[in-house]
Amino acid sequence: MDKAKEKSNKKLLIIIIAILVVAALAVGGVVVYNSFFAEKPTPSNGVVGKISDGWDTGLEDETAPKKTGIQIPGYGTAEMKAGDESLILSIGNPKANKCGFYATLKLEDGTVLYESELLKPGYGLTEVPLNQTLKTGEYTAMVVYKCVTLDEEETPLNSAESEFKLIVK
Amino acid sequence: MKTKKIISALIAGILATTAVVSVSAATLSDVTPENSTEVKANIVDPGSVSYVITIPDTADFGALTQPENTDTDHYTFNGFQVEATELNIKSNQGVTVYMKDSTATDNQFYISQKVEADPFKIAYDVYDTAVNEETVGSYNPINTTATPGTYGYHLCTFLAGSTGSTQDVTLALNQNALYGKTLSDIAGDYSGTIAFHSALIER
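In order, the protein sequences belong to chains W and A. In this text, residue positions in the first sequence follow this note's numbering: the first is 1, and each later residue adds one. In this text, residue positions in the second sequence follow this note's numbering: the first is 170, and each later residue adds one.
Okay, chain W solo, but in the shape it has when bound (with noise of 0.2 Å):
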């Protein structure tokens, strides 16, 4: 009677320490998934060049556009280091357009520092690459946003220039 008890005993032991290697398993295979092949969050900030597509102003929330137009962001100012080859700018088209921007930063002498590509609505980026480095000084800078249809046609719509103080220090 001992041994028949002892015997079910050893095969419940053996069931439940099955199903707790095969929950261990499964706690461990979640673990390696989300370390190694889970898709990484897509970073909105401090990638230069990055254009993401999580672009806002940051000033309110856009999802509801008020009125027809297109919304142009202003700037004050922006500073970066000599010989600096990116800015921390933040250009980009508001989601609350429905037309497509082309961004190009330039000098007010007419020097380009950086075109964009087709911005859509919400898309931008926030540190800017440089076609090249500035010395020590006080520039007048602007952002010129070419505004375009989404469609194929890509016609050009109203266009607006943002100027701002580019301090290099």
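Keep in mind that the hints are not guaranteed to be accurate.
Simulated crosslink set (DSBU-like; lysine-lysine; CA at most 35 Å straight-line) [stated by the list, open to error]: (1) W/120 / A/290; (2) W/165 / A/259; (3) W/135 / W/120; (4) A/350 / A/283; (5) W/81 / A/259; (6) W/169 / A/259; (7) W/50 / A/259; (8) W/120 / A/259; (9) A/283 / W/98; (10) W/50 / W/120; (11) W/169 / W/135; (12) W/50 / W/98; (13) W/106 / A/283.
The hints are simulated quantities; they were obtained by calculation from the structure and are not laboratory data. All values reported here derive from a predicted model rather than from experimental measurement.
Following the hints, position chain A against chain W.
The following block gives chain A in isolation, referenced to the frame of chain W:
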């Protein structure tokens, strides 16, 4: 008894492992949780967006009509507003706005035939207020009375605290410019674009 101890130890081990995984996930996540409380301050970092203005899409007058005479003016109007959609600027600052024709070199404003190699151009006037057929004679267009600068004609300045305020603008095209022209030469779609320029200024 021995069996129970072994099972208890195994379960405890599994539970401990699961707990560590949960804590690790919470610690390593770089995604801001939804519904979290965000502290906002009215400080604009260099390089961030300080303001947003809203401009019109196009300078579109719709279908034009060739007048039968030029005894009177035959205006068609396109009214719109430029809006200070967002202003996150200091109390002593303002956003000044200029406008000019995107392509003209004579400081005037035009719409021109699309597609044509040598397009027919029609000039129009710009008023920094809302005008119509009855009131157009009471105002002067900025392109004939104001002095243009590098970035065109000064349209308005939105001061700090005026978020949501608007500046009325009216484009007025006198269709008398079409009088006497051969229809086949001037027929077609016309369009024009305006370049707006904005800058932050200290008061």
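Hints, one by one, checked against the model:
About 31 Å separates the Cα atoms of residue 120 of chain W and residue 290 of chain A, which keeps this hinted pair within 35 Å; it holds. Of the supplied pair hints, the one linking residue 165 of chain W and residue 259 of chain A holds, its CA atoms being roughly 15 Å apart against a limit of 35 Å. Between residue 135 of chain W and residue 120 of chain W, the direct Cα distance comes to roughly 33 Å. Compliance with the 35 Å bound is thereby established for this hinted pair. Under the criterion of a C-alpha separation no larger than 35 Å, the hint pairing residue 350 of chain A with residue 283 of chain A is consistent with the structure, at around 17 Å.
A hinted pair counts as satisfied when its Cα atoms are at most 35 Å apart, and residue 81 of chain W with residue 259 of chain A qualifies at roughly 25 Å. A C-alpha spacing of about 23 Å is found between residue 169 of chain W and residue 259 of chain A, which places the hinted pair at or below 35 Å, so the restraint holds. Among the hinted pairs, residue 50 of chain W with residue 259 of chain A is consistent with the structure: their alpha-carbon atoms are about 30 Å apart, no more than 35 Å. For a cut-off of 35 Å, the pair hint linking residue 120 of chain W to residue 259 of chain A stands: about 30 Å separates their Cα positions.
As the CA atoms of residue 283 of chain A and residue 98 of chain W are separated by approximately 22 Å, the hinted pair is consistent with the 35 Å bound. At roughly 14 Å between alpha-carbon atoms, residue 50 of chain W and residue 120 of chain W fall within 35 Å of each other, so this suggested pair holds. A hinted pair counts as satisfied when its Cα atoms are at most 35 Å apart, and residue 169 of chain W with residue 135 of chain W qualifies at roughly 8 Å. Of the pairs offered as hints, the one joining residue 50 of chain W and residue 98 of chain W holds, with about 22 Å between alpha carbons and a cut-off of 35 Å not exceeded.
At most 35 Å may separate the alpha-carbon atoms for a hinted pair to count; residue 106 of chain W and residue 283 of chain A meet this at roughly 29 Å.
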